[in-house]
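Colleague: Each chain is listed here by its residues.
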Amino acid sequence: MKRPAGFRVLLLVAAAAASIAACGGTGHVTVSPGLPERPSSPQRDVSLGRGNDQAPIPLAAGRTLHAVERRHTLAAPALSPLSGWSSPIVVPAPDGGALAYTTWEHLRDVDPFESFGQQGIATGDPLAVPSIRLVTFGDAITDELLLRGGYSVAWRSDGAFAYVRGEQEEYRANTPYDGYIEVAQKPRGSTVRWVSSPARYTVVAWAGEHLLAYRETGPSDGDVIAISAPEQLHSLGSGAVVAVSDDGSTVALSSGVDATLELRIVSVADAATLFVLEAETLSNAGLKSIGYAGDWVGTRLVARGFTRDDIPVIAMFEASSSGIRIEDILRFPVDDVPVGFQEVALRNGGTDVFATYMIPPPLTERGYDGSAVDRHVNCRRDTADCVWGDPEGEGALFQVRNDSRPLPEAARKGWER
Amino acid sequence: MTSAESTHARLSVRVLSVALLICVIVAGQAQPASAAIVDAWFDFTRSSNTNSTLRWKTVDHADQVTTWKSWRAGSGENTNECDKSISSDPDGGWLPAGWYDVTSHTHSFSGSAIYGRVWQLNDKYCSDGRTLRTELFIHTEENSSGGQSGCDGSMSTDGSQCWDGPNDYYSKACIKVARSGGDDPNAPNDVPNVDYYWHNYNTSLSYPMTNALYVH
Numbered sequence: 039m040k041r042p043a044g045f046r047v048l049l050l051v052a053a054a055a056a057s058i059a060a061c062g063g064t065g066h067v068t069v070s071p072g073l074p075e076r077p078s079s080p081q082r083d084v085s086l087g088r089g090n091d092q093a094p095i096p097l098a099a100g101r102t103l104h105a106v107e108r109r110h111t112l113a114a115p116a117l118s119p120l121s122g123w124s125s126p127i128v129v130p131a132p133d134g135g136a137l138a139y140t141t142w143e144h145l146r147d148v149d150p151f152e153s154f155g156q157q158g159i160a161t162g163d164p165l166a167v168p169s170i171r172l173v174t175f176g177d178a179i180t181d182e183l184l185l186r187g188g189y190s191v192a193w194r195s196d197g198a199f200a201y202v203r204g205e206q207e208e209y210r211a212n213t214p215y216d217g218y219i220e221v222a223q224k225p226r227g228s229t230v231r232w233v234s235s236p237a238r239y240t241v242v243a244w245a246g247e248h249l250l251a252y253r254e255t256g257p258s259d260g261d262v263i264a265i266s267a268p269e270q271l272h273s274l275g276s277g278a279v280v281a282v283s284d285d286g287s288t289v290a291l292s293s294g295v296d297a298t299l300e301l302r303i304v305s306v307a308d309a310a311t312l313f314v315l316e317a318e319t320l321s322n323a324g325l326k327s328i329g330y331a332g333d334w335v336g337t338r339l340v341a342r343g344f345t346r347d348d349i350p351v352i353a354m355f356e357a358s359s360s361g362i363r364i365e366d367i368l369r370f371p372v373d374d375v376p377v378g379f380q381e382v383a384l385r386n387g388g389t390d391v392f393a394t395y396m397i398p399p400p401l402t403e404r405g406y407d408g409s410a411v412d413r414h415v416n417c418r419r420d421t422a423d424c425v426w427g428d429p430e431g432e433g434a435l436f437q438v439r440n441d442s443r444p445l446p447e448a449a450r451k452g453w454e455r
Numbered sequence: 002m003t004s005a006e007s008t009h010a011r012l013s014v015r016v017l018s019v020a021l022l023i024c025v026i027v028a029g030q031a032q033p034a035s036a037a038i039v040d041a042w043f044d045f046t047r048s049s050n051t052n053s054t055l056r057w058k059t060v061d062h063a064d065q066v067t068t069w070k071s072w073r074a075g076s077g078e079n080t081n082e083c084d085k086s087i088s089s090d091p092d093g094g095w096l097p098a099g100w101y102d103v104t105s106h107t108h109s110f111s112g113s114a115i116y117g118r119v120w121q122l123n124d125k126y127c128s129d130g131r132t133l134r135t136e137l138f139i140h141t142e143e144n145s146s147g148g149q150s151g152c153d154g155s156m157s158t159d160g161s162q163c164w165d166g167p168n169d170y171y172s173k174a175c176i177k178v179a180r181s182g183g184d185d186p187n188a189p190n191d192v193p194n195v196d197y198y199w200h201n202y203n204t205s206l207s208y209p210m211t212n213a214l215y216v217h
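So the sequences go chain by chain: A and B.
Numbering-wise (the numbering used here), the first sequence opens with residue 39 and increments by one.
Numbering-wise (the numbering used here), the second sequence opens with residue 2 and increments by one.
Derived by calculation from the structure, the hints in this document are not laboratory data.
There's no promise every hint is true.
[What the hints assert, rightly or not] Covered stretches of chain B, as calculated for chain A (at least 3 residues, CB under 8 Å):
1. 111-117
2. 135-147
3. 181-193
[As the list claims (entries may be wrong)] Facing chain A, a subset of chain B residues (Cβ under 7 Å, in silico):
4. R56
5. K85
6. I87
7. A98
8. G99
9. W100
10. D102
11. D159
12. Y208
13. P209
14. N212
As the structure is a computational prediction, the values presented were derived from the model and not from experiment.
Glycine residues also receive a C-beta, built at the ideal position from the N, C-alpha and C atoms.
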C-alpha cells in the first residue's frame, strides 16, 4: 500500500515496549486485513437526524444517572468545573458494583457573565467545594461522600483508586486549586500520597501499573505525567490524553494546533515516542486540532477535533504495532454541533461512534439567554448515518466511563445496552 | 452607546472623581479638546481563534463612548468556551463571554510559559457554569524583560518567548496580541501599543480593576 505523504514512523528507542514491534527505517505500514480502503479524501459529511433520547450507553445529566436498565437520582449533580471533560467525571468500578463521581458545591451564587468584582467577589473568597462521592449498587443503593475537597478519579482493574486531594477544601476566587495525588487500594481504604508536591493535577486513567495525570505548574505550562509508585514519576511531555491502548502500555497524546499539531503514540513506561502523525499529514487531511476524551479499542483510535475551516469532526485512526494512520474523518453540520464535541467513545467493536455535545445558549448584550442544550449522537461508521438524542436531566452530559486499561471486558460492557 | 456599554458606565464601581484632561496627540488620532475619561476598558470581539479584535474604549462625562484603537488578537484553539484547557500547548476553547476584572498588570511577568507584559484576569465560569477557566491573561510571546528570546529564524517552530507567526495567536483561552522583533517579519508591534493605551487612556490604575474587559 502506498505510504501517505508526510507519514513518519519512528524507531523504537527502548526494549521495554516489547509489545510494539520494531518497524525499521522504511516506515512501511501494514494495513490490517478487513479494514475498508481509506478514501482518497478522509473527510465525509454525516447525515444527522433525530433518534432516541435514551442514549445507548450510560450517561449522567446533572443528578440524573441514565444507566442501562434504570434511571437513578444522584445525591448531587455530576460536575467538575476544575477539570471539565479532560478526565472522566463518573467512573464505574472495575467490577461494576459501584461508581465514583465528582460534584461541585457552590458556596455562593456566581453569575458567569458578570466580573467577580462586580459581584463583590475578591481574590481568595471561597466560592465552591469539589467533592468525590461513591454510589454502591447492592440490595440498597447508597450514595455517600467519599472526599470533600477532591476531584478526578481513576479506578484500576484491581480496585486501586486514585484521585486529587486539594490543599484546601474550597476553591477560592482567582486562586489556583493546588493539590496532591493520592491512591488507595479501594475507595475507603487507607491512602498513600503518591505525589506530594502541590500543583494543579487532574488524574485521568491507569495505564497498566502507571497512573496518568495532568500536571499544571503555571499559567499555560504543564505536562502529562506517569506515576508508578509514591514520588516515582516521569513526564510524557506536553499534550492532551486522547486514550490509552487496551493493554495499558501506550497512550495517544495530541499536542499543538494547526501548524504545530501532532498526534503521538507514547510508551507509558519510558515516555518514548513510538509513532507520530505530524502537522503536515494532519493538515493535509484538513485537521486543525485533536482533543482529549477519546477512545481506543483494538487498533481503532477515535478523537474529537476541528478542521482547519472550523468544522466539528470525529476523527478515526488506525493505531497498531505497525504505526498510526488517519482512517476517517466525520464532519458534522456546524449549525447542529456549533462548538464541537465533549467526549467520544467507540461502540460495538468500533462499528459505531458515540459522542456528547452542547449547544450554548444565545449570547446577548445582557448575557446568556437561557441554558445550554445537551445532546448525544450515535453514528454508524460505514454509512456515516448519525442520530441525536436529548436525554432528560438538567446539566452537562458526562459519559459513565472508566478510561483505565487494561480493564475487564465485563467492566467495559457492563454499562452498555 | 450599546446597552452593555450603558450598563457598564452606570454600574462601574471604580472611583470616577478624577477628571483626566488628555492633551497628547497620538499618531493618527487627535484627542478631544477637553475629553475627561470616566471609565475605560478592553473590548474583545470573538470572531475566530486567530483573527478576533481587541479594542480600547473609553466613556466620558457625556456618556460618549470612544474606540481609540483596535488590534488583531486571538484566543483558544476552538470556539467552545466550556472546553477546558489542560495542556501547555494551546488547547481548549476561547475566552468565555462576559465582563472581567484586570486583577493585576506588570511589564516583567516571569511565569513558566508566560512572560513580559501581561494583564491578569479573574477566573471565569463558562456560559452555564459547567467549566471554570482559570489563570487567564492578555499577553504576547516575549521574555520577562519585554524582548524576544529563543527565536531561531523559523516561523514553523513555537517558542513561548518569541513571536513566531500567526499560529501564536492560538492560546489556552488567553487573549494573545502580537509584537514585532521575533521570527515573524510581518508581525505588528501591538503589545506596546496596547500597553500605551492602558496606561495613558485610563482612569486610576489601581488593582483589581473591575469591569476592565468585555468579551463577546
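Colleague: Now tell me, hint by hint, if it's right for this structure.
Modeller: Hints versus structure:
| no. | hint | in the structure |
| --- | --- | --- |
| 1 | 111-117 | holds (count 4) |
| 2 | 135-147 | holds (count 3) |
| 3 | 181-193 | violated (count 0) |
| 4 | R56 | 15 Å, violated |
| 5 | K85 | 3 Å, holds |
| 6 | I87 | 4 Å, holds |
| 7 | A98 | 5 Å, holds |
| 8 | G99 | 4 Å, holds |
| 9 | W100 | 4 Å, holds |
| 10 | D102 | 4 Å, holds |
| 11 | D159 | 5 Å, holds |
| 12 | Y208 | 10 Å, violated |
| 13 | P209 | 6 Å, holds |
| 14 | N212 | 5 Å, holds |
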